[in-house]
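One line per chain: the protein sequences are A and B, in this order. Those letters in the first sequence? Residues 4 to 272, per our numbering, in order. Those letters in the second sequence? Residues 45 to 467, per our numbering, in order.
These are calculated hints, taken from the structure and not from any lab test. Misleading hints may appear alongside valid ones.
One-sided and incomplete, this derived list gives chain B residues near chain A with beta-carbon spacing under 7 Å [as the list claims (entries may be wrong)]:
| # | residue |
| --- | --- |
| 1 | 99 |
| 2 | 117 |
| 3 | 288 |
| 4 | 357 |
From a predicted model like this one, the values you see are computed outputs, not experimental measurements. Don't be surprised by glycine CBs; every beta carbon is placed ideally from N, CA and C.
Now for the letters of each chain:
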Amino acid sequence: MTGGGRIGGFLLWAWTALVLAFLILPLLVVVPISFSSGAFLTFPIPGLSLRWYATLWNEAVWWRATANSLVVGTAATLIATLLGTLAALGLARASFRGKGLLTAVLISPMIVPLIIVAAGTYFFFLRLGIGSGLVGLTLAHAALGAPFVLVTVGATLKSFDANLARAAAGLGAPPATVLRRVTVPLIAPGMVSGALFAFITSFDELVVALFLTGPSERTLPRQMFDGIRENLSPTLLAAATILVLLSVVLLSLAEWLRRRGLKNRGIRA
Amino acid sequence: MAQQATLPISGHELPADAQSLKARLRKSERTNKWRAFLFVVPLLLFILITFIIPIGSMLYRSIDNPQVVETIPRTAAMLADWTPPDPPSEDVFKTLVAELRSPPDPAAIGKLAVRINYEVSGASSLFRKTERRLKRLDDAAPYREQLIKIDKDWADPELWAAIKSLDSPLTGSYFLAATDMTRNVNGEIEMQPGSRQIYLTLFWRTFWLSGFITLMTLLLGFPIAHLLAILPLRTGNLLMILVLLPFWTSLLVRTTSWIVLLQTNGVLNDLLVWLGIISNDNRIRMIYNKAGTVIAMTHILLPFMILPLYSVMRTIKPTYMRAARSLGATQWTAFWRVYVPQTLPGVGAGAILVFILAIGYYITPALVGGQDGQLISNMIAYHMQTSLNWGLAAALGSLLLGAVLVLYFVYNRLVGIENMKLG
Numbered sequence: 004m005t006g007g008g009r010i011g012g013f014l015l016w017a018w019t020a021l022v023l024a025f026l027i028l029p030l031l032v033v034v035p036i037s038f039s040s041g042a043f044l045t046f047p048i049p050g051l052s053l054r055w056y057a058t059l060w061n062e063a064v065w066w067r068a069t070a071n072s073l074v075v076g077t078a079a080t081l082i083a084t085l086l087g088t089l090a091a092l093g094l095a096r097a098s099f100r101g102k103g104l105l106t107a108v109l110i111s112p113m114i115v116p117l118i119i120v121a122a123g124t125y126f127f128f129l130r131l132g133i134g135s136g137l138v139g140l141t142l143a144h145a146a147l148g149a150p151f152v153l154v155t156v157g158a159t160l161k162s163f164d165a166n167l168a169r170a171a172a173g174l175g176a177p178p179a180t181v182l183r184r185v186t187v188p189l190i191a192p193g194m195v196s197g198a199l200f201a202f203i204t205s206f207d208e209l210v211v212a213l214f215l216t217g218p219s220e221r222t223l224p225r226q227m228f229d230g231i232r233e234n235l236s237p238t239l240l241a242a243a244t245i246l247v248l249l250s251v252v253l254l255s256l257a258e259w260l261r262r263r264g265l266k267n268r269g270i271r272a
Numbered sequence: 045m046a047q048q049a050t051l052p053i054s055g056h057e058l059p060a061d062a063q064s065l066k067a068r069l070r071k072s073e074r075t076n077k078w079r080a081f082l083f084v085v086p087l088l089l090f091i092l093i094t095f096i097i098p099i100g101s102m103l104y105r106s107i108d109n110p111q112v113v114e115t116i117p118r119t120a121a122m123l124a125d126w127t128p129p130d131p132p133s134e135d136v137f138k139t140l141v142a143e144l145r146s147p148p149d150p151a152a153i154g155k156l157a158v159r160i161n162y163e164v165s166g167a168s169s170l171f172r173k174t175e176r177r178l179k180r181l182d183d184a185a186p187y188r189e190q191l192i193k194i195d196k197d198w199a200d201p202e203l204w205a206a207i208k209s210l211d212s213p214l215t216g217s218y219f220l221a222a223t224d225m226t227r228n229v230n231g232e233i234e235m236q237p238g239s240r241q242i243y244l245t246l247f248w249r250t251f252w253l254s255g256f257i258t259l260m261t262l263l264l265g266f267p268i269a270h271l272l273a274i275l276p277l278r279t280g281n282l283l284m285i286l287v288l289l290p291f292w293t294s295l296l297v298r299t300t301s302w303i304v305l306l307q308t309n310g311v312l313n314d315l316l317v318w319l320g321i322i323s324n325d326n327r328i329r330m331i332y333n334k335a336g337t338v339i340a341m342t343h344i345l346l347p348f349m350i351l352p353l354y355s356v357m358r359t360i361k362p363t364y365m366r367a368a369r370s371l372g373a374t375q376w377t378a379f380w381r382v383y384v385p386q387t388l389p390g391v392g393a394g395a396i397l398v399f400i401l402a403i404g405y406y407i408t409p410a411l412v413g414g415q416d417g418q419l420i421s422n423m424i425a426y427h428m429q430t431s432l433n434w435g436l437a438a439a440l441g442s443l444l445l446g447a448v449l450v451l452y453f454v455y456n457r458l459v460g461i462e463n464m465k466l467g
C-alpha cells in the first residue's frame, strides 16, 4: 500500500475516514440532543433550549455525585502517583531476580476483570469495616490506577539519562537532593500523564463503585448508570455532553504533556 | 573497569586494597539492589492488601465448604456407609435431630439449608420447616418416620447423597456447577442435560463474542494504524488525537451514545425512516441484543487495537517493501509477504489486549446486551448480588481469572508488559 496505486491510497483514506467517523460521531450525537427543547430523544430536535442543563444544574444528586467522584478520584490519584512513581524508580534502578514477576504482579490490576476486583474488595473491605463508603472505593481505585503511573513513569525513565543523576551525585548532591532536583523534574511529564490516567480510571470506574457504595455515596458513573437503566432523559445527555467536553480537555492536557516530555528529552515530535 | 583490565596482574594476585575495592563494589551493588527494592515495597504492599489478598480470599469461597462439617458433622460421617436408594437408618435420623437441636450458632441451620439447597433445590424450605417442628417431635417414637411425615423429601436419596458429598471442609462442587456438571445419587460426576448447561454456553458465548470483537477491531484498526504510521508525523499525530478521544471519554457516555443512536426510536432508525429506506413500522432492532454488545464493545476497544499496531508499524522501514517491489513482487505480494509479517507483534499485542479486556466486560453488556448479549461477568454479578450464591460466583470468577492470567502470561512473553503503550 505504501506509495502504491492511487486507488489503494484513496481506499485507505476512505476506510480511515469511515473508521474515524465510527469512533467520533457516536460521541457527538449526544451533543445536539442535549440542547433539545423537547422531552424525547429524537433527531432532528424540535427546537433549541438549555432547559436540560438547567434541570441538571438544579439537581442536588448530580452535584453530590460529582463531588464524590472528584474526592475519590483526587485521593486515589495522589496515592497511585506517589506509590507508582516510587516503584517505577526502584524497578528502573537495578535488576534483581524476580523483577519480571514483580512487575507483572504490580501491573495486574490493569487486566484483572473488574467484576472480580469488585467482588473481592467487597467482601474484604466489609470485614475491615470499610465495605461501604468512599474510603474503600478510594483504596480500590488507587490500586487500579497505580499500574498506569508505573507504566508511564517507567517509559519516561527508559529514556532518562542516568548520567545526569550520576553527575549530580558526583558533584556532591545527597541522594534526596538528586531525586528532588534532577530526577523528579525530568520524569514529571510521565508522572503527570500517569496521574491523568489514574484519575480518569477512577473517575470513569463503575463496577467496583456498584459494589462498594451505597445510595448516599453515589459517584458520577453510578448516577449515570442508574439514569440509563431507569429513564434515559435529556438531562442525562446534558451530563454526557459535559463529560465529552471534559474528555477533550483531559486529552489535550495529556497530549501537551507528552510533547513536553519528548521535548525535554530532546526528541522532536 | 577498563583501567582495571589493563593492570598487569590477574585476579588472585590483586593487592589487598584492590581486593577490598572489589568487595566494596559488590557490596555497594547489593545495597543498591536492596534500595531499589525498598522503593517498590510500598506499592507492592498496597497492591497485596487492597487487591491480591481480597481477590484471593474471595476466590477461596469457590472451594470453602464449612456448613455441613460444622453443623451436622456426625450425621454426615454416618452417611459414609449408606447406599441409595433407601433413606438412611433410624440412627442417622436420630443423630441428625440431635445435631439440629444444638447448632453451633443460631444462624448455622439457615446457612446449612442454603448450602444444601445449591445442590438439591427445595432443601432450604425442607430444613426450615423441620427446624420449626423440632421441639414437637415425639422422642419415644422413631424419628425416621416422623421426619418423613413432616416432609417426604426426607426420603429422597438425592438429598442424602448431597449431604454425603458435602462432608468435607473443601469442595469441588461449585466448580462442577460452574462447568455444568453435577453429582448423581451414587456420587458420580455427570454433565447436566443440554437444556440446563447455562454456564458452558455462557463461557462459550463470552469467548466467541470476544474473539469476534477482537477480529472486528483488527479489521477496522489495521488500515487506519497503517495510514497513521506512514503519514508525516504532524498529520499522523493530529489523526491520532481523534483515535484517542474516545479512549478518554467516559465509558457510560459512549454506551449512552450508542443507546441514543441505535434504539428502535433512536437516531439511526429515525434517519432511515426519514430517508424512506425503512417504513415506520419496520424499525430495525440494533440494540439490547448481541449486536448491541458487539457494536458498543468494538467501539470502546478499538483504540486498544490501534495503539499497539501503530507503534509497531512506525518502526517498519519502507525500504523492505521497496526492495520487494524492485525484485519483482506485485504490490499485493510485497504487502502480504513483507509488510504484514513485520506487523505481527503489533497484531498479537493488540489482539491479546483487546481479548483480555473483552472477556471481562460487565457494564456494556449489562446496559445494551439485552438477554442474549450478556457475558460471563454479568452472571458473576448476578450470583454476587441477586442469587447470593457466592461460592458459585467465586468459581465462575476463578475460571474467568484463570483464562485472563494465561493470556496475560502470553502477552507478557510476547510484548513484555513494561512495553505497554498508553497513547
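Given a cut of 7 Å on the nearest C-beta pair, is the interface hint for residue 117 of chain B held or broken against chain A?
Cβ of residue 117 of chain B sits 26 Å from chain A, so the hint is violated.
Measuring from the C-beta of residue 288 of chain B to each C-beta in chain A, is the shortest one below 7 Å?
holds, 6 Å
Less than 7 Å between beta-carbons is the criterion; does residue 357 of chain B satisfy it with respect to chain A?
This hint is violated: residue 357 of chain B lies away from chain A, its Cβ roughly 10 Å from the closest one there, beyond 7 Å.
If you take the shortest Cβ to Cβ gap from residue 99 of chain B to chain A, is it below 7 Å?
Interface hint status for residue 99 of chain B: holds (4 Å vs cutoff 7 Å).
Checked against the numbered hints above, the structure violates hints 2 and 4; every other hint is satisfied.
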